[in-house]
Every structure is written in structure tokens, then in C-alpha cells.
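S.K.: Each chain, written out:
2 protein chains.
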Amino acid sequence: MNQSDYLLQEATNFIHTCYTELGIPEEEQNKRISDIEDEIHRTGTYVHTSLELTHGAKMAWRNNNRCIGRLLWDTLHIIDARHIHTAEDAYDKLIEHINFATNDGNIRSTITIFPPRFDGKDPMRIWNHQLLRYAGYESNGEVIGDSTSIAFTKECERLGWSGEQTNYDILPLVIQELGQTPKLFEIPKKIVKEVEIIHPQFEEFKSLNLKWYAVPIISDMRLEIGGIDYPMAPFNGWYMGTEIGARNLADEDRYNALPKIAEIMGLNTNSDRSLWIDKALVELNIAVIYSFEKAGVTLVDHHTAAKQFKAFEKKEMKHNRPVTGNRAWLLPPLSSATTHIYHKPYKNDIVTPNYFYQEKAYEPTT
Amino acid sequence: MNQSDYLLQEATNFIHTCYTELGIPEEEQNKRISDIEDEIHRTGTYVHTSLELTHGAKMAWRNNNRCIGRLLWDTLHIIDARHIHTAEDAYDKLIEHINFATNDGNIRSTITIFPPRFDGKDPMRIWNHQLLRYAGYESNGEVIGDSTSIAFTKECERLGWSGEQTNYDILPLVIQELGQTPKLFEIPKKIVKEVEIIHPQFEEFKSLNLKWYAVPIISDMRLEIGGIDYPMAPFNGWYMGTEIGARNLADEDRYNALPKIAEIMGLNTNSDRSLWIDKALVELNIAVIYSFEKAGVTLVDHHTAAKQFKAFEKKEMKHNRPVTGNRAWLLPPLSSATTHIYHKPYKNDIVTPNYFYQEKAYEPTT
Ligand code: HEM
Ligand code: HEM
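In order, the protein sequences belong to chains E and U. Counting in the working numbering, the first sequence runs from 88 upward without gaps. Counting in the working numbering, the second sequence runs from 88 upward without gaps.
Treat each hint with caution, since some may be false.
The list makes no distinction among identical chains, and a pair is therefore deemed to hold if it is satisfied within one copy or across any two copies.
What the hints assert, rightly or not - Think about it this way: if two alpha-carbon atoms lie no more than 25 angstroms apart in a straight line, the pair counts; the simulated DSS-like pairs of lysine-lysine are:
no.: 1; residue 1: K180; residue 2: K276
no.: 2; residue 1: K241; residue 2: K270
no.: 3; residue 1: K394; residue 2: K381
Calculated directly from the structure, the hints in this document are not laboratory data.
With the sequences and hints as input, model every part of the structure.
M.R.: Structure follows, in C-alpha cells:
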């Protein structure tokens, strides 16, 4: 099948599903599809209406097998940035995204959608993995900051950036227009909401100086709707506690907080059999949930998230939409068997619209 | 491919691998294979030598993708029961297995291998899922005992057994010779080692009257070696703590101990956000490990087991044997991301010899 036949086929499927869900009659669906057909023949592509873009991005969330937060798929806010063509304007939009999504802690699920791929080329790409992320520096085998950011931090440094070498330096945004050198923009500190991790009982948690940013805004995935690729479409929900408490701050090769927490708790770390790791892990997760709550920042615990996912499964069934899922990703890394997800099989079939991994925007220099 | 060609092919592969591992020269391998070929042509099957049976059962353990305990594959004890043809003699062998494996708490990994399938028929089958297992009774939606045993308990009752209706009634053994009615045998209480669950700090754990048996002896899987099926080949290792503490005693639809433990601990069970489930779960698992240790019964914690599995991976790599694995099963249900298994992909290819699920030995009456 050639490129435009493929595109038309994907568009047709999408329009039928999307419009049917929205209660738009078949006649209108067919009219729209024949318009799209004309447009593809004239221009090689087609442009989503605002309605299609909005509902398509929501469907993409609903279809993502790895996301436990999908009950709320219909609450996604869309910022249409398809008219943006310069890195500078894109930067403004990204700042708008951060502000709108953060909303002083009352987080809003949001996506900002920049121009689509055309003729196999991406008009613009953002190099960051997430809009907000801590830098990572490695020297002599020691890591400061977030080890997952080491390669990207090096790129920023090559582009002239230099961080303060703390564990929590917010990385700059790196935006590249097609064929141009990438441009680097600092994010104003005052718009970055962060939460210091404290514990409801163990006062000394404070002395660990742990913190995390409030809003996870994934910026390196490709949004695909009806055959159209949006390579720059950063989106956010809010955190599930375990992402911070059982991964980012806990993983040995990330912030590795468990040994220090065990010390504060006075646990016997000489033997794995004491389950000091598990005890420290639970208290860290309690601290994360407590701290976000105290700071007035939206965050969901893994039990509630699993229950919401169960409600999602039920709701989708009612709408005759089979729920696909990736069990390995859906399972929380803490007390997994206490959620219903552990006890169920899920079909990991990939349905579009969806969010996909894509080629990195840059070749990391190593 | 017809049945005997298939069998010869499987046998050939097995003999080559098995004998090579054991350092037996190729000449002897080929001699053995040609003997097997003759035997298959004469009899329709072939009989494993004692060496083949022993090493084959060990290889089957080593190849099981779901088992985290595989580092110790070479320590398996084999009881050869291929000469056993009556339910009564089988019962004696199973009692021998229980005693030998239990070893007063110093558990020995053991398998007892009964006659193989021949001509598509199983000379004998045992109906039990595990040799030692608690009965489960359901009435008016209430369950006493182990809910996973309800169907089998009903079968036992149909065969004339009647339990004491406690939460911990050891089920009888049900053995069926080909074409005969199944026979039911009680296991003498005095040979069943059990461990009362107590907690190193929370005295009141005792009042929950939780306990578990010492030795998990899976009896409903089929052992396959070199194309030969052993439908009755109960095997045991020892427990990993989470199997009891994060599943059997914890699951809501099993012994559901977490709410009671939370009460003892004085936790706020009104909100999931307090992570009372996770806290209670860790303490239950601490209690399981502590109680087994106190009782002198072998049991491994999930961190140590994961480390042993890592050592297994390393050792296998050294022997040029790719390690296959089923990540979903290998991951402990407690603090999964703190083990290296979480951070690695595993290929779930099925290699033989291996242990497989098989058709139930009975049609459950419902
Ligand atoms: C509203 C609150 C939300 C919660 C609590 C939530 C929760 C999660 C969690 C826990 C994961 C697994 C992350 C990991 O293990 O690294 C995940 C993955 C994912 N979520 Fe959500 N999510 C939310 C909103 C959203 C939104 C708004 C979108 C898109 C519009 C989205 C799309 C995705 C995608 C694409 C992944 C997979 C990421 C990957 O493959 O790396 N989620 N989500
Ligand atoms: C020596 C100590 C052993 C430990 C700590 C151990 C640990 C485990 C664990 C934790 C599981 C997962 C069980 C579940 O989630 O239900 C498992 C599964 C399994 N193990 Fe092991 N194991 C041991 C010995 C053995 C032995 C001796 C054999 C056979 C000779 C064996 C064969 C298997 C098999 C076949 C499964 C999969 C069961 C199924 O599919 O339902 N293991 N093991």
C-alpha cells in the first residue's frame, strides 16, 4: 500500500470511530472522509479539525496500555499549538503548559500539540524526556542528581548550559526547528512547583533533603491520530505516589534513599531477612503521599489508582470497548498483589490513536 | 511427523544435551540414541536410565521460567518410583517424600517420579494440587479454610472424606490408578510440619491463629523429559516468604489477614492513602520469615532469592546456557522494583525438559 492509501485508511478508521463516539451521524462521517481524501490527494496529508485533535488525543490516552490513570481520559485539556513554528514561540507555549498544568498544585491533565510530521520530516522536536526533570552529572563513577538524565545533561552542557551541580537542578528546555541548531531555554525557577519530602512521624526525613517536582510532563513521545504523527506533543497527568516513592527516589541507581531512611528508622540493614528494604520503602511512600497532600499538590496512591483503573475497565466494557493493557506496567512496584491487576490477564494489543516511543531527537555523544 | 519420530527427535535432543553436560563422550551418546531408536521401534517408547531421569528432572527445574529458586537446580533429590503401580504403594512413596523433604525443617528439594504416560494414557494420577494443602469450605458465600481448595475439597467429600471444618484441615491424598475409582488416604498429622505465625514485636499476632505448612509440594504438574511425560511427579523446594506472606495469608480471597493485622497495629484503615495495606503486608512478611526461622524451617526471603537468581543468571551465562524467564512470575509481589528482576527483560521461551500444567486429573463437579 502506498503512503497516501495508508494515510487515508488510517484516517477513515479514525473518523468513523471518533465521530461515532461523539454522536456525529454517518452521513457527516462520510462527507468528512471524502473531504480528507481530496485533501490528501491535493496536499499529501490532511489537517485535523479541532474536534478531531481533541478527541484523538483523549482516545490516545484511553488506548495507552501502560497507563493506570485512564479512567479520566475524557478530562484531558488540549492546547493547540500547531501554528507554532519557531523555537522561541514553542518555548512560550511550553511555559504556558507548565503553568496551566501545575495550576498551583491542583494539577490539570494537559497536552500541547505542535505541528505534525510532514513528508517524513519533523518540523520541530524537543530533546527533553520530560519538560521538568533534574540534571544528572557523573564523575569518577559518582552521580549527582538523576542518573537517567546524564546523557541529556551532557548535551545541554555541549550547548553551553551549566548547572549548579546539585541533586535537583532543573534542566533547560532544548528545542530544535527542522534543519536548525537546537536552542536552549531556561525554565524560570518560580514556575517550577516542587515538593519537599517530609514524613508524618519521622521528623528526620527532612534532613535527607529529598524533594520532587510536582508535574510529570512526558515530552519525548509521538502522538499518532488517524495516521498523522505529532512528534512534539508533551502531555501530563499527575503522579502516582510509587513513581516517586518506589522508583525515582528509591531505585539504587537513582536517588537511592532507602539505606538512609533505614538508618533514620533504626532498622537492621545487615540482613535482607529483616525486610528493612520493604519497611523503608513503605515509609518513603507514605512520606511522598503525605508531603504532596501537605503541599496541596495532586497525587494518587497506588491503591486508589488501581481502583480507578478497575472502574475504567467497567466503564469501557459498558461502552463495548475492550480494554487492552500491559500488566507489567500497570502493576505498581509496591504490594502489587494487593491490587486486582495482579490477578487478571490483560491483552497487550496496540490500538491507535496512541502515544508511542520514537527515535531520539538527538544522537547522544558519548 | 508421526508419534515415534517425534519421540525419537525429542529423545535425541535430550540425550545430546544431557550427556554433554555430564561429560559423556559423543560416541556413547550416539550409541545410547541408537539403542533408544531400537527400543522405540520395538515398544513404542523408551525407558530413561537412572542417570537420565535424575539429570532430566534437574534440567526441568533449571528450565522453568517461573521459578526464582533455580540456582540450586543441581541439588534436587530424586526418588525413583517408576516401579509403583498401585495407589497404596504410591501413598507409601508420597509419605516417604513428605518425610524426606521435610527433614524436621531442614528442607530438601525432592521429586518423586511415578510411571510415565504410555500410549496416551496415564498409569496413575494424583488429584491434589499440592501434597500438603488446607481444605476450603464454602457455605452461604462464607469461606472456611483455603478458597483455592474448594473444588477439590468437594471431590474429597464426595469420596467420603469429611474435614473438621477448621481453617487448617490438611486434605487427604487422592490417588487414581488408570481406569479405577480414585482412592483416598489420610496424611498422618504427626508428619505434617506446620509453623505458627508470630511476630518479633507485635505479640498479638499470635491471637490471629495464622499458620502455614512447611513444605510446598506441587503434585499436579507434568514433568517432560526427552519426549517422555511423567504426569505424576510431585516436587518441592522450600517457600519464598512472600508466597505465604504476600499471597496465601494476605490475598483478600484467601486468608485475608491484612485488615486484622492493621487492627493489631492500630493503623488507619479508612483511607487507602495511609498505605495501611502496605504496612500490614510488610509486617506479615516479617512475621512469616521470623516464624519459620524460629521453628527451624528453611525459607528464603525475596531479596535473597532475587540475589540467588542473579547468581543463577551469571552461572548459566558462564555455561553458555541462555536463561529464559517469565518476568511476571519471577517478580516478588512485594517491593518488586527493589529486585534486579524488575529492571531486566526476560525471554519467556519454553525449553524442555520442563514442568508443565496438564489436564486436571478429575472433572470438578459444580
Ligand atoms: C491523571 C493522572 C495520571 C496518572 C495517575 C497516570 C499514571 C501513570 C503511571 C503510573 C504510568 C506508568 C509510569 C511508569 O511506570 O514509568 C503511566 C504511564 C503512561 N501514561 Fe498515564 N497517568 C495519568 C495521566 C496520563 C495522561 C494525561 C496521559 C496522556 C494524555 C497519560 C499517558 C500515559 C502514557 C503514554 C504512559 C506510558 C509511558 C511510557 O510508555 O513510558 N497518562 N501513567
Ligand atoms: C529450593 C527452593 C525453591 C524456591 C525458593 C522456589 C521458588 C519459587 C517461587 C517463588 C515460585 C513462584 C510460585 C508462585 O508464585 O506461585 C516458583 C515456581 C515454580 N518452581 Fe520453584 N522454588 C524452589 C524449588 C523448586 C524445585 C525443587 C522445583 C522443581 C524441581 C521448582 C519448580 C518450580 C516450578 C515448575 C514453578 C512454576 C509453578 C507454576 O507454574 O505454577 N522449584 N518457585
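S.K.: Output the indices of the hints that this structure fails to meet, ascending.
M.R.: none
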